[in-house]
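S.K.: Could you use the hints to bring the two separately framed chains together as a complex?
From first to last, the protein sequence lines are chains V and G. Sequential numbering of the first sequence, starting at 1, is according to this note's numbering. Sequential numbering of the second sequence, starting at 1, is according to this note's numbering.
Source of the hints: derived by calculation from the structure; they are not laboratory data. Just so you know, not all the hints are guaranteed correct.
[Claimed, not checked] Far from chain G, by Cβ distances over 12 Å, these chain V residues were calculated:
| # | residue |
| --- | --- |
| 1 | Tyr26 |
| 2 | Tyr56 |
| 3 | Gly77 |
| 4 | Met135 |
| 5 | Ala146 |
| 6 | Ala162 |
| 7 | Met207 |
| 8 | Ser218 |
| 9 | Leu227 |
| 10 | Ala228 |
| 11 | Leu248 |
| 12 | Val263 |
| 13 | Val281 |
[As the list claims (entries may be wrong)] Mimicking SDA-like on lysine to any residue, the simulated pairs with C-alpha atoms at most 25 Å apart in a straight line are:
| # | chain 1 | residue 1 | chain 2 | residue 2 |
| --- | --- | --- | --- | --- |
| 14 | V | Lys111 | V | Leu54 |
| 15 | G | Lys111 | V | Ser208 |
| 16 | V | Lys111 | G | Leu138 |
Don't be surprised by glycine CBs; every beta carbon is placed ideally from N, CA and C.
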Amino acid sequence: MTTVDEKAGVRAADEPIRRPATAWTYRIRTWEYLLRQWRPYFWSGLAEAAGAPLLYLLALGLGMGSLINKRGTEALGGVTYVEYIGPALLCGAALQIAFSEASFATFGRFKWHRTLWGITSTPITPAVAADAHVMFISTRLLFSAALYYLVLLVFGAAGGVAGILMIPIAVLTAISCAVWIMVLSATIEDDASVAFNMVLRFGIIPMSLFSASFFPISQLPWAVRWLAFFSPLWHGNELARGSALGGLPLWQAAVHLSVLIAVFVTGFLVVRKRFEKRLVV
Amino acid sequence: MIHAAGLTKSFDTKGGETVHAVRGIDLDVPRGEAFGFLGPNGAGKSSTMRMIACVSPRTDGELSILGMDPNTQGIAIRDRLGVVPQQDNLDEELTVRENLYVYARYFGFSKTYCWAKADELLEFAQLTEKANAKVTALSGGMKRRLTIARSLVNDPELLLLDEPTTGLDPQARHVLWDRLFRLKQAGVTLVLTTHYMDEAEQLCDRLVVMDGGQIVAEGSPAQLIARYSTREVVELRFVPGTQHAAEPVASKLVDRLEVLPDRLLLYTQDGDDTLEQAHAAGIEPVASLVRRSTLEDVFLRLTGRSLVD
Numbered sequence: 001m002t003t004v005d006e007k008a009g010v011r012a013a014d015e016p017i018r019r020p021a022t023a024w025t026y027r028i029r030t031w032e033y034l035l036r037q038w039r040p041y042f043w044s045g046l047a048e049a050a051g052a053p054l055l056y057l058l059a060l061g062l063g064m065g066s067l068i069n070k071r072g073t074e075a076l077g078g079v080t081y082v083e084y085i086g087p088a089l090l091c092g093a094a095l096q097i098a099f100s101e102a103s104f105a106t107f108g109r110f111k112w113h114r115t116l117w118g119i120t121s122t123p124i125t126p127a128v129a130a131d132a133h134v135m136f137i138s139t140r141l142l143f144s145a146a147l148y149y150l151v152l153l154v155f156g157a158a159g160g161v162a163g164i165l166m167i168p169i170a171v172l173t174a175i176s177c178a179v180w181i182m183v184l185s186a187t188i189e190d191d192a193s194v195a196f197n198m199v200l201r202f203g204i205i206p207m208s209l210f211s212a213s214f215f216p217i218s219q220l221p222w223a224v225r226w227l228a229f230f231s232p233l234w235h236g237n238e239l240a241r242g243s244a245l246g247g248l249p250l251w252q253a254a255v256h257l258s259v260l261i262a263v264f265v266t267g268f269l270v271v272r273k274r275f276e277k278r279l280v281v
Numbered sequence: 001m002i003h004a005a006g007l008t009k010s011f012d013t014k015g016g017e018t019v020h021a022v023r024g025i026d027l028d029v030p031r032g033e034a035f036g037f038l039g040p041n042g043a044g045k046s047s048t049m050r051m052i053a054c055v056s057p058r059t060d061g062e063l064s065i066l067g068m069d070p071n072t073q074g075i076a077i078r079d080r081l082g083v084v085p086q087q088d089n090l091d092e093e094l095t096v097r098e099n100l101y102v103y104a105r106y107f108g109f110s111k112t113y114c115w116a117k118a119d120e121l122l123e124f125a126q127l128t129e130k131a132n133a134k135v136t137a138l139s140g141g142m143k144r145r146l147t148i149a150r151s152l153v154n155d156p157e158l159l160l161l162d163e164p165t166t167g168l169d170p171q172a173r174h175v176l177w178d179r180l181f182r183l184k185q186a187g188v189t190l191v192l193t194t195h196y197m198d199e200a201e202q203l204c205d206r207l208v209v210m211d212g213g214q215i216v217a218e219g220s221p222a223q224l225i226a227r228y229s230t231r232e233v234v235e236l237r238f239v240p241g242t243q244h245a246a247e248p249v250a251s252k253l254v255d256r257l258e259v260l261p262d263r264l265l266l267y268t269q270d271g272d273d274t275l276e277q278a279h280a281a282g283i284e285p286v287a288s289l290v291r292r293s294t295l296e297d298v299f300l301r302l303t304g305r306s307l308v309d
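Okay, chain G solo, but in the shape it has when bound (with noise of 0.2 Å):
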């Protein structure tokens, strides 16, 4: 599906300085998987996706989109990818229904098609009801499931999402995830970036972590988690700024340590057993907590940066 290899964005800033935002990345997305770009803000998962989404073009590398050149096949491509972008883009002046026609129209099927699919993607993404209001009218969540069903009008092999569901409320994103896991269930190829590790555990079967344009750490979930961290991990919650006092004897049960404004993660193989450890070597946390290890930890280690600024 998407083949790259040494893949290089870089471009000109109005000050005349040059940005590197990709830094020759591999990749390779066979048919059916749900990939992820894994990052904060900045590390370079827009470009890649605008590149592969072939309205960007590469300034170096490989890169081949359904085995044909973006820079010579763009339009062919771009017939059989779905888009969803970071920010909506959606017709506010046209009704729901009529955004849905629209776009299919631009894929050159026929009125009667588009008006067929266009009802039927309205039931896929339950905007049956709405299908005649204004895209003002419509919540957050809605809009992007609008996005969504946008995408698929011409029932795309490579779907593309840039952040789906930043923005939205815990119940709007479990929405939205069931929809694409359906896809996914489907046989649609996802692609898709996020900066919440999460949505990350919950759609992808594989992923890449990426950090300063360039990939850091590749593998599934579960893989990142046993490779980059522990099992368990402690968290010690201290009013922000006395955390430091507890530092150094914390440091001492484990091997592993990160320090971020208002906590210690302390990172384990046995969470209670360092806990009570702790707790012996006289460390007085407002709170404790055992969890296991996600993937904002291997984040944390990888990048040594939080994901969610």
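With the rest of the complex left out, here is chain V (with noise of 0.2 Å):
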């Protein structure tokens, strides 16, 4: 476009470089803003995915864990308390962090910097933003995960070689749960501690609890056990147990991994037509 004079100091002296845009182009910028967004907090959120799993495998695994283990581990598989919680730590942690991002971050970019409106003002639609904010907490949870990935090594918890799975599984894990939670992050208006507090008490706290992590579900009465079936957290436990402990059939990992492919998928799509309705009115 030529139709600016120089002189008004409107122009930049190089012509513009240009590619042909595609999709992904939008998607990458709009994730490299989001990135650029997280760096001041990017050594503090790194110190925190590895102080966490610390104080935990401490607290719980070598302190509770020698209780436990003195009293036999049969009902965890064999295995050592610290080596039963690990992968489920791993997920927890994970869930943390994409509750964190999807929640109040997301609905500030909404309702109190408004920067989505602006990013949409451009040549990104809604649906392009919500996928980049799902590249964006996947990208995060990848970070934290390995990094908790590594710290379970030294602590001897990581398992086999193929632990090293637990890794995306915790990022599909978490990423499932995180596209409803953006759902919810686009729909409501105001009182967003209420709704968000209510995800937390109702949500991640009974989830982290009663989904494997702490303790086997063939613990829980019937009566109560089956909620964990619709726990992903519970799925993405048992897939991350199975990958570094072994022992978890095929066809049983098959149906884990489904099932949070499905939950993340419909949320997935969900989301993009939230984040239309919300920015396009």
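M.R.: Have a look at this one:
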């Protein structure tokens, strides 16, 4: 475009280098922005990602674990307590991060900072912005899960070689929940604290407690055991534990994986629509 | 640049009511023009702007921006638009320079180009010294300038400004007007909404007055004043409430009289003469003023209301 006069000082000296943009260009550019926004928190986030597992492993794995190991761990499949909870701690930590990124952080871009309105005034569509959010949260999850895995390795709680699969499993588990929390963030207008506290109290916390994170669900009475089947975290825990410790039949692994993928894909489709509905009025 | 015919926007509120924000307006804005929407809050200005910005689908009517249809070519249109929203939506966690860089990236430019463009626009917005400051550290006027600079990252052919100076102090407004005037000189088509008549008079070649979702008048500021108002206005100021006592007498002196809460406005061709007649008729205001008609008077005439409540 050449109608702008150079004297007005609104034209760069060089001609713009503009590659033909595709939807992927736009997704990556928005993802880049979200990473840039996260950058100031990178080191503190990393410290938290490594620090939290240390605390959990020390307190639960070694502290409580020493008591449990003494009483015998047949119910845990014959592994030490720290080995038992390691995969679940990794998935649970990913879920926490997914919650914080998908709730207040995403909601804030709609409501408080309104940055999503700025983004979608450009060639970036609401659906592309939603895609970029999913990409960004997955990136964050990948970093944290990888770090958590390294800490588990140090504690001897990372299982065998296949234990490295815990990383993508934790990412999938957490993002499958994150997309649904994003649906909420894109829908609510006010009272975010109330809504997100409900999610935390009646979603994340019970899910963390009753998804075979700290004890096998076989220890629960049948009346409540079935609830775990609806918990993405349980499916994630079972898969992660299966990959680290083995012993998970292939068909069960396939079921767990299918459930997680189904939860993610449906949530992802809904959240793209929700972004559209919120931003195009 | 912009062509609209019978453009309509309605939406349903949560209570189930249908709001008709824009009720069939016709518009044609040629390249290079500075075009304004003048009207009070709720007149349908912002809804119209959102349709032009391709972020709000029209309910009915025709709309073409840069020769394209927003319904099918929204991305291609937005690629060539600059948008200054009513509420700033800068990223407060990033620096001033990063805000420009990130925004330029959305348009598909290379990294080198985006940094260079950011520096150039910082200069344009007189924010070079604040380049590495966080947005939170900026004053309202600076934020507004940054938002305008940000809207220029893609050298837009059409710049949309929704109430660009609302909430700013007079000095900050003048700095902004100067920047916008330079853009206009540089050939950028400006479309702005405002409820300040002085802003409309300063910046717009042509404007429409909107009320209740419809265009009630159209023309250049001078044309509108000539068509809908008299040359001069006598303002008689009273202690609020007491203006009603003088109303019957004053209404005999002129063809048109407006009654405001603390004032009577007498529309006349010769202000001094009318003021003299008012004094002679025994009207005793607290203060009086003879001035030229403005768009505010046009607006009062057309809608029966003040622009700024």
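S.K.: Each hint needs a verdict: does it hold in this structure or not?
M.R.: Hint check results:
no. : hint                : in the structure
1   : Tyr26               : 7 Å, violated
2   : Tyr56               : 30 Å, holds
3   : Gly77               : 46 Å, holds
4   : Met135              : 15 Å, holds
5   : Ala146              : 25 Å, holds
6   : Ala162              : 39 Å, holds
7   : Met207              : 30 Å, holds
8   : Ser218              : 47 Å, holds
9   : Leu227              : 34 Å, holds
10  : Ala228              : 37 Å, holds
11  : Leu248              : 42 Å, holds
12  : Val263              : 29 Å, holds
13  : Val281              : 6 Å, violated
14  : V:Lys111 x V:Leu54  : 36 Å, violated
15  : G:Lys111 x V:Ser208 : 43 Å, violated
16  : V:Lys111 x G:Leu138 : 21 Å, holds
Consistency with the previously given hints fails for numbers 1, 13, 14, 15, ordered from lowest to highest.
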